[in-house]
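Asks: One-letter residues, chain by chain:
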Amino acid sequence: MVDQVIDMLSDGSSLNLGIGIPTLVAQRIPPEKGIWIHSENGVLGVAGRPTPQSVSATLINAGKETISVKKGASFFDSAMSFGMIRGGHIDVCVLGGMQVDAEGSLANWMIPGKKVTGMGGAMDLVHGAKLVIVMLTHFSKRGEVKLMHRCTLPLTGKGVVHKVVTDLGVFTPKGESFQVEKLAPGVTESQLGMPDGLLVSL
Amino acid sequence: MVDQVIDMLSDGSSLNLGIGIPTLVAQRIPPEKGIWIHSENGVLGVAGRPTPQSVSATLINAGKETISVKKGASFFDSAMSFGMIRGGHIDVCVLGGMQVDAEGSLANWMIPGKKVTGMGGAMDLVHGAKLVIVMLTHFSKRGEVKLMHRCTLPLTGKGVVHKVVTDLGVFTPKGESFQVEKLAPGVTESQLGMPDGLLVSL
Amino acid sequence: MTSKVFKDAKAALFDMRDGVSVMSGGFGLCGIPENSILEIRRLGIKNLHAISNNIGNSGRGLAWLLKEKQISQATCSYVGGNPDLEEQMLANEIEVTLVPQGTFSERIRAAGMGIRGFYTPAGSGTEIAEGKESRTFDVPCLLELPLTADFAIIKAQKGDPYGNLWFKETARNFSPLMAMAAKVTIVEVEELVELGEILPENVHLPGVFVQRIYQGNDYENTIEIPIFEDEK
Amino acid sequence: MTSKVFKDAKAALFDMRDGVSVMSGGFGLCGIPENSILEIRRLGIKNLHAISNNIGNSGRGLAWLLKEKQISQATCSYVGGNPDLEEQMLANEIEVTLVPQGTFSERIRAAGMGIRGFYTPAGSGTEIAEGKESRTFDVPCLLELPLTADFAIIKAQKGDPYGNLWFKETARNFSPLMAMAAKVTIVEVEELVELGEILPENVHLPGVFVQRIYQGNDYENTIEIPIFEDEK
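Protein chains in written order, with our numbering: chain A, 5 to 206; chain B, 5 to 206; chain C, 106 to 337; chain D, 106 to 337.
No wet-lab data here; the hints were simulated from the structure.
Just so it is clear, the structure is predicted and the values come from calculations on it, not from any experiment.
The beta-carbon is built from N, C-alpha and C at its ideal position, and this holds for glycine as well.
Hints may be right or wrong, so weigh each one.
Pairs of lysine to aspartate or glutamate, DMTMM-like flavour, derived with a Cα cap of 25 Å [stated by the list, open to error]:
| no. | chain 1 | residue 1 | chain 2 | residue 2 |
| --- | --- | --- | --- | --- |
| 1 | C | 112 | C | 302 |
| 2 | A | 119 | C | 192 |
| 3 | B | 162 | D | 232 |
| 4 | C | 263 | D | 302 |
| 5 | B | 118 | D | 191 |
| 6 | B | 119 | D | 198 |
| 7 | A | 119 | C | 198 |
| 8 | A | 162 | C | 198 |
| 9 | D | 273 | C | 306 |
| 10 | D | 288 | A | 15 |
| 11 | D | 273 | C | 302 |
| 12 | A | 75 | C | 306 |
| 13 | A | 118 | C | 235 |
| 14 | C | 288 | D | 243 |
| 15 | B | 37 | C | 302 |
| 16 | A | 119 | C | 243 |
| 17 | A | 162 | C | 238 |
FRET-style restraints, in silico, Cβ to Cβ [stated by the list, open to error]:
| no. | chain 1 | residue 1 | chain 2 | residue 2 | range |
| --- | --- | --- | --- | --- | --- |
| 18 | D | 302 | A | 149 | 47 to 53 Å |
| 19 | C | 124 | D | 331 | 34 to 40 Å |
| 20 | C | 123 | A | 183 | 54 to 60 Å |
| 21 | A | 11 | B | 58 | 54 to 60 Å |
| 22 | C | 122 | B | 51 | 56 to 62 Å |
| 23 | B | 92 | A | 14 | 40 to 46 Å |
Kindly generate the complete structure, drawing on both the sequences and the hints.
Replies: Given below as structure tokens:
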């Protein structure tokens with residue numbers, strides 16, 4: 005899953021990683037790719053984790069986790085940080101999700117009557133990046149497939165997602181269906197749990 | 005003229021001075037008033053002039069003249085600089101003018117068919133400051149009074165001027181007339197060259 | 106000349122009253138104005154409208170005021186990680202307005218910079234668009250309006266007596282924007298430095314936006330989620 | 106990995122063509138990208154749309170291109186002090202659009218920050234309002250749209266290989282805004298420094314906005330109006 009995302013990154017590109025699963029990507033990017041990781045709380049150039057000696061209470065990512073930065077990093081305020089995204093200067097944005105649909109819409113900020121986390125920066129992050137990737141487990145804990153014809157939960161953004169990466173494969177929303185781009189080793193289309201017509205074969 | 009403007013400044017206030025006559029104010033402000041002079045090209049805390057030793061090509065005011073700054077000065081970009089004005093954070097703004105009218109409108113950026121200097125920052129400077137002062141000679145070189153019922157030249161701003169300071173007095177635009185606030189020593193209202201009805205006596 | 110420097114939080118917050126709106130800087134617990142928040146708790150001010158990205162987190166920061174039921178209205182972007190807020194939301198004890206974080210920052214900047222409204226794509230086609238004017242430029246956008254407040258309480262690493270500020274690492278976040286937007290901005294600093302000590306080019310927020318400043322003390326600077334290299 | 110660092114102006118401006126739009130930083134002659142402008146003159150590029158506060162001044166800067174009739178369209182806020190521009194304007198050899206300076210800066214920022222339009226009071230009730238949508242908030246305002254360009258040529262005091270920039274004194278002005286707004290931003294610096302040499306908190310413009318950077322040389326740094334303390 006993580007490797008599929010890393011494959012989509014050009015050398016030297018800028019990348020925003022959402023809270024949750026996407027943060028796993030950070031740890032696996034080969035340093036020689038020269039990727040610049042942006043975190044919307046106001047930093048460009050996130051590196052690994054700090055040591056207990058170097059840790060700083062004022063150096064965190066958007067998930068509120070302690071981080072370190074690489075040479076050439078910069079800090080800025082939140083208006084500048086979201087302007088970078090909105091203005092199209094961040095090449096790739098990877099977000100987690102609860103549902104994603106064939107129209108390229110994403111739902112990841114609330115389940116009516118059950119859970120409200122708030123949209124945080126997600127509603128901004130889905131607009132502007134040249135490549136918006138949603139990274140999620142293919143099935144929910146209750147076994148429901150998260151890739152659907154139209155999201156049933158409140159949207160984070162409408163028609164904004166370019167690629168969907170799950171533990172079972174890589175998919176492109178095409179409007180009325182998902183194009184299968186890649187399947188995980190050993191996975192067949194019948195295991196994807198998606199109705200006929202929602203899937204365009206490899 | 006300059007002293008009339010200085011009288012209107014509260015201690016510690018922030019002040020933008022336009023190009024031309026208003027720059028004369030800078031040199032006469034008593035340092036103990038603690039005024040912070042803003043120049044819209046991106047500096048707050050303009051002090052006097054540099055010495056031939058301290059002069060810097062990158063340290064100028066909006067009139068492109070070399071300046072120096074005082075302790076506590078700051079530099080910033082043009083968006084921030086005009087945001088300070090537009091957002092109401094600069095207390096007083098002093099501009100020059102060709103014409104000013106009873107409605108509080110100002111004309112200072114072009115004479116159709118004759119002269120176009122451009123508005124520069126003037127159209128922004130007239131909006132936002134708590135006190136907008138226009139400082140001009142009472143009569144033009146051709147002997148025409150610059151305070152009128154309605155400006156005949158293209159406007160810089162409509163209904164934006166709070167006080168008018170000329171070499172003959174201080175006036176407040178009241179809509180249909182100017183209230184005389186003060187006259188220069190020895191000056192009488194008849195010398196102001198303004199028609200009956202345009203002037204409300206002291 | 107009246108000085109902007111106050112002795113402490115108590116002196117600087119002298120005129121804060123029930124029912125005011127307060128912007129509070131910080132992202133999670135990073136860069137929060139601890140001293141001012143604790144003083145508001147001590148003063149027992151009620152019925153606050155808090156404007157802050159998280160309204161505290163992990164039981165700290167503005168959550169100190171949530172626990173005392175001092176906040177009746179909240180404008181924020183994220184509720185996750187703040188059980189005190191979630192609980193009061195579900196119990197309808199607090200009125201919460203959720204704003205996308207980029208729109209939140211830009212609305213605060215707009216208030217500070219005198220911009221009367223702007224168009225952004227964030228939220229278009231979602232529930233957030235309801236009741237808002239929308240308009241299509243290259244993409245569908247929403248008209249968003251400035252967000253201001255009676256007070257801003259913020260924290261900076263360094264500040265001088267005029268209020269020029271410098272922020273450390275990611276502690277900057279919303280703080281300089283809020284300082285520009287509020288009617289009265291009250292700053293607490295880790296280090297109150299001499300005028301001129303911050304290089305004029307490196308001032309993050311010019312002092313003209315600051316009304317009051319004081320040297321803070323006893324900072325907790327809590328780390329919410331410490332993760333270290335060794336633990337990878 | 107492809108580097109952003111170019112040898113000189115000639116190398117960095119390899120793809121500039123007739124008819125492109127170019128934003129050029131600087132206020133008067135303060136902070137202008139001398140090397141890039143001279144290279145455009147050498148290349149003899151014609152029919153340029155120049156977007157710059159002054160389009161040169163006192164016969165220098167972009168006025169070098171005005172003299173060669175390389176600019177056919179100009180967007181700026183001020184013409185005073187630029188006899189070359191005034192002359193061509195009166196002779197109708199150049200199409201000039203005047204924009205209030207604060208609106209000019211904010212439109213450029215808007216383009217960089219993805220804001221699709223904003224409302225400002227500047228220009229309302231004046232000739233500038235003609236043909237623009239107006240709308241009253243607390244005061245009458247005009248709707249202003251983003252201003253972008255094919256290229257931005259700017260100068261900074263210091264820059265590193267990623268394009269992180271630091272500007273000296275009032276040389277910052279429009280430069281970081283233009284760097285954000287243009288499709289391709291080409292930066293010349295007085296000092297090309299190592300990555301990390303600019304403290305991350307003191308970066309004025311993050312390198313993500315910069316496509317090309319080079320070490321400039323032979324700077325004139327002309328002072329237009331020198332006034333000294335002694336002469337007061």
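Asks: Look at each hint and say if it fits the structure.
Replies: To see whether the hints hold, each was checked on the structure:
no. : hint                       : verdict
1   : C:112 to C:302             : 20 Å, holds
2   : A:119 to C:192             : 11 Å, holds
3   : B:162 to D:232             : 11 Å, holds
4   : C:263 to D:302             : 21 Å, holds
5   : B:118 to D:191             : 11 Å, holds
6   : B:119 to D:198             : 17 Å, holds
7   : A:119 to C:198             : 17 Å, holds
8   : A:162 to C:198             : 32 Å, violated
9   : D:273 to C:306             : 7 Å, holds
10  : D:288 to A:15              : 19 Å, holds
11  : D:273 to C:302             : 17 Å, holds
12  : A:75 to C:306              : 21 Å, holds
13  : A:118 to C:235             : 21 Å, holds
14  : C:288 to D:243             : 16 Å, holds
15  : B:37 to C:302              : 22 Å, holds
16  : A:119 to C:243             : 34 Å, violated
17  : A:162 to C:238             : 17 Å, holds
18  : D:302 to A:149: 47 to 53 Å : 51 Å, holds
19  : C:124 to D:331: 34 to 40 Å : 56 Å, violated
20  : C:123 to A:183: 54 to 60 Å : 58 Å, holds
21  : A:11 to B:58: 54 to 60 Å   : 56 Å, holds
22  : C:122 to B:51: 56 to 62 Å  : 39 Å, violated
23  : B:92 to A:14: 40 to 46 Å   : 45 Å, holds
Violation of the numbered hints given earlier is confined to hints 8, 16, 19 and 22; the remaining hints are satisfied by the structure.
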